[in-house]
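Going by this note's numbering, the sequence shown opens with residue 1, and the numbers climb by one from there.
If you are wondering where the hints come from, they were derived from the structure by calculation, not from laboratory data.
Some hints here could point you the wrong way.
[Said to hold, decoys possible] List time: in silico PhoX-like cross-link candidates among lysine-lysine, alpha-carbon distance up to 25 Å:
1. K142 / K461
2. K357 / K135
3. K181 / K203
4. K181 / K147
5. K370 / K135
6. K97 / K108
7. K135 / K461
8. K360 / K331
9. K97 / K147
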Amino acid sequence: MRTSANCQRSWTSAVFAALAAFGVALGAAGPGPAQAQDKVLRAAMHADVRTLDPFWTTQTIAAIHGLMVYDTLFSSDMALNPQPQMVDTWTVSPDRKVYTFKLRDGLKFHDGSPVTSKDVVASMNRWGKRDGAGKQLMGYTKSLTAKDAKTFEWALNEPYGLLIDILAKTGTSIPFVMREKEALVDPFQQIQEVVGSGPFMFKRDEWVPGSKTVYVKFKDYVPRKEPASGHAGGKVAKVDRVEFIWMSDPQTAQAALVAGEIDYLENPAIDFMPILRSAPGVKLETHPAMGTMGILQLNHLHPPFNNVKARQAMLYLINNADYLNTISADKSLQTLCFSYWGCGVAMETDAGSEPYKGPKDVAKAEALFKEAGYKGEPITILHATDHNYINPANLVMIQQLRKAGFLKLDVQAMDWGTVVSRRAKKEPPAQGGWNIFITGTTVLTSSSPVTHTSIGMGCEKAWFGWPCDQRFEELRKEWAFATDTATRKRLAVDLSKRAYEQVPYISFAQWRTPVAYRSDRLSGVQTMPSVPPMWNIEKK
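My request is simple: use the sequences and hints to build the entire structure.
If you want it as structure tokens, here you go:
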């Protein structure tokens, strides 16, 4: 950690240099005279808003954008318990197969049209074709129908008890409610119009990808009467305008917060934590469940990782601790974790992880690659160079694999947006596909085998990499229908063992990154994991 006086002085000099450049950029894109009189919240998020369709991608920034604009049927409070949001009341049939929901009064879209049950039905059907947990839920759905303008019925084939929990989930993709018009768009095509019913409206005319995304208060939004709590309760917009200002350089972002040029920094770089902790007027906060888990994703469709032996071989080459020390040097924010469900959660288990936890063994790995039929073909790695933790994680992985000596690597550098587009391609690597890319998920999302998108092994229905294992999916179903925690914990152990046998992906590191904000300017900040809400924040 850079805490010496010399480093402090060096960093201070860098701050002024960064601010000089930032000041020019802010001046060029800053608010006009009328805007300056409004309450404007300026935030630097972990990524730039490039995708406007929150169902089209699992990028967290797309979910953050979605949370600004859209509303949800249920949401999670600060204790991560599901609470009604757009729903007013609901009933469940005695056999637990039929749920009847009624929407609350006052819901309307930003174009002034009322939110109806038809919008809900179309939105849930669209979301259910893209999201992992949504696909699971739709697999147990008999029918989803609008009974009248404010009432809809969700009928299940089996008493799937996780319906409310899934509708309240805060990890990507969040089940937002869109207008029926957008919800009827092919789920594998991006929507072009952004008209939600949430507390903020998207200002498309001021959207500058690579620079700024703007939202303004929706004055006709009717919040719930309960106090704000996480993503639940009353979503009261207490500022007139929110600007997501994109700064790709972490040092510039920290400097802007310290100087007061921005109010909120979602993902401060670990190296600068000591500076931020000592900066007057700056506060760092983290939710108890906040945390990120790294994912080294393998493509199961093409050699060598279409063979389980090659996937197992990677466990003998990847050193978990190396990633932690690179991504999060602050020991207080690290957790050395070998649980697919995350550590510090109810389902935590490292069952089956012995090959991964044990000493690295290049000879064993090489033998397994040979058994898989690997003969030195290039392994294509999609390396996102502009992401704050994916870039250094890629560098660590590349070093570890090159150190093995027998693998031929084809490292292709690109921005994260290009990785997001290319990872969806199923063609062979030589035809624009891939073998490995690195991403991450939240501990909150991965703590449940159902909401954990990356862990699914449903073949064509699985996440990018398309793992395929029927036994694993059967165990996931058993977990979902289990009626007590003890049974679920037992099944979580079985699932972990099967995952380590099949290796859908390799999890590396678990770390926490606090949000940083100007406490001398802001109050009411909700420090939720994964997707931070911008409502309830008041600018002093």
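Each hint, compared with the structure:
no.	hint	in the structure
1	K142 / K461	holds (19 Å)
2	K357 / K135	violated (32 Å)
3	K181 / K203	holds (19 Å)
4	K181 / K147	holds (19 Å)
5	K370 / K135	violated (36 Å)
6	K97 / K108	violated (30 Å)
7	K135 / K461	holds (8 Å)
8	K360 / K331	holds (23 Å)
9	K97 / K147	holds (17 Å)
Of the numbered hints given earlier, the model fails hints 2, 5, 6; all others are met.
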